[in-house]
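**Q** Go ahead and model the full structure; you've got the sequences and the hints to work with.
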Amino acid sequence: MNVSAPAIEALGLTKRYGDKLAVDGLTLEIERGEVFGLLGPNGAGKTTTILMLLGLTQRTAGSARVDGIDPARHPLAVKSRVGYLPDDVGFYDDMTARQNLRYTADLNRLDRRTAQDRIDRALEDVRLLDDADRKVGTYSRGMRQRLGVADALIKQPSILILDEPTVNIDPEGVRELLLTVERLRTDQQVTVVLSSHLLHQVQQVCDRIGIFVAGRLRACGTVDELASTLDDRWSFTVALSGVADPVALLCTVEGVRDVTRSEGRWSVSADRDIRTDLHAAVVDAGGRFEHLARDRADLDAIYHRYFQTEHAHDGSLARSTP
Amino acid sequence: MTHMATIEAPAERSFSGGWRVVAAKEFTDHVRSIRLVLLVALMSLAGLAAVHSAAGPIGDAADAASQTPSIFLYLFTLSPERVPAFHEFIGILGPLLGVAFGFDAINGERSQGTLPRLVAQPIHRDEIINGKFVAGIGAIALALAAVMAIVGGYGALRLGIGPTWSDLTRAVAFYIVAIVYISLWLALAILFSVLARRAATAALAALAIWLVFTLFGGLIAGVVADAVHDVDADSSAEQVLDNARLELQIRRLSPDQLYRDATGVLLNPSRQSTGIVVTEQEGALPSALPLSDSLTLAWWQLMALGAGTIGLFTAAYLTFMRQEVRA
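In the order they appear, the protein sequences are chains A and B.
With my numbering, you'll find the first sequence wraps up at 322, consecutive numbering, no jumps.
With my numbering, you'll find the second sequence wraps up at 327, consecutive numbering, no jumps.
Lysine to aspartate or glutamate pairs mimicking DMTMM-like chemistry, simulated, CA-CA at most 20 Å apart:
(1) B:Lys25 <-> A:Asp106
(2) A:Lys135 <-> B:Asp29
(3) A:Lys20 <-> B:Glu324
(4) A:Lys135 <-> B:Glu109
(5) A:Lys135 <-> A:Asp120
(6) B:Lys25 <-> A:Asp111
(7) B:Lys25 <-> A:Asp133
(8) A:Lys135 <-> A:Asp88
(9) A:Lys135 <-> A:Asp94
(10) A:Lys135 <-> A:Glu124
(11) B:Lys25 <-> A:Asp93
(12) A:Lys135 <-> A:Asp106
(13) A:Lys135 <-> A:Asp93
(14) B:Lys25 <-> B:Glu109
(15) B:Lys25 <-> A:Asp94
(16) B:Lys25 <-> B:Asp126
To list a few chain A residues with every Cβ distance to chain B over 12 Å, as calculated:
(17) Glu34
(18) Arg127
(19) Gln188
Simulated from the structure, these hints should not be mistaken for laboratory data.
All C-beta atoms, glycine included, are put in the ideal place defined by N, C-alpha and C.
**A** And the structure:
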């Protein structure tokens, strides 16, 4: 349809339940073909955001476009082109996987032929073709989750929204699911929005990440971009040879606060960029560098940073309420 | 935005009729369910017992009065002491049928986690509850048709009497009224399935109301009537009648009584009133009424039953539409 429009656009999107702001002025743009991770703790407003994007709950304020369409005005048009895997997805346990998907196909008004083709293809995409005629009641959690992805694929969506797809499934199941997401993106150019509170998984498959805390989007960008926002942290990994006492030597450099050993190297944290001075000190002592690099902040650090500020917030709130 | 609207209008239209998909799936579930089999078996057994024990009196009636208009319908209305007639059995057991097809309509989808998936498909939200209501009515109609066919067939074979056209139209009228009456309980059960998170809670609540109306309704009405118009052995006929009239009025607050009034008149062409029939009156007016007159007699009972069904379903519909997907 409108190819120039971004896959998802939100402007000041807000949802209020009573006094509680579940989503507070979300502004976000997700490009076509992108895998976007919505990262945040439980109760941060991720699911509420998704429900608003699908037109399944009324927004309090703001606007949204999904595939160029306003979900509040044309919910059916949006729902016909967005595949959705809900948080804790369920199926009719006494029906087979194929029967469950057939119902979804019928609800999308697909004719018999098209439905059968798409069901087979979707089941193949998630590697469930061999179990297609078993009752879903006998499925493991990982299989259900993959069936949920197949269910979302029946309508051949241009956008796929997966809400907490990796919760409560074993590592092998997680791996399978993330591989499926990767495949869909490369083979079918589907835009994927993936919500999770598990940062490592998000990091593995997502092009960009939005960090969502207490209804607000705190940061948004690639992992590298998010890391660069943490540049007030000066830490380096150093490997030396030809130095008798590396710790003593490293500690002589002005500004070094701490030196710890990790995996055969030294982790040095400092309160400024010490690389020039460090270089001079090592060369003067007759040693050589095997390795010297500044550490990038990883997603863990990013996540903790945003969450810690949130916890500090919680703390102050807790104190102010008797 | 205007160009978008022009693109979207046809797309929305192509997704009409989603309720039919929901109804078809739900109806298939009902038909294959053990609930349907059990309830048809239970109601058929009760009906057969009623017809079996009524066989003697019906035979007598047929011998005694060959001019009696609708012998066949006696199958559904006549009964010896202590055994309720077939239409009374339907009045008592019918609500179970309605409750069975409705108590887990919405909360079942919630607890299975299928509701979010369902509402994310290109259907309007009300099509879910509409489809389920229609499927429930369909299942009720099917179950009731099966029960009536079994009971009527048995009676016809045993007594060797077939229905006349007039009997058939009256039986169809009874069938429709019974469906409306049972649908009222279906709507009530669906309402509870929207309100209660757990299916068991919804079923119990609906059954509690059923018990109050069908078992204790008469008791409560009797107590109230006695309190207002006290009667004892010395009371005049007038006083006894006042007491009975008041009791009936109170009982008419119950759908059960409305159903009894309406079906009593529809199945018995010689009944001239939905009210209290004094024996002399019954003998005094032997002529049979045409169906249209019987319908007129039961008119407000029929309207009240229909209104109750629609009212309860509307309550369920509005509550469901206002609920959040993640309630």
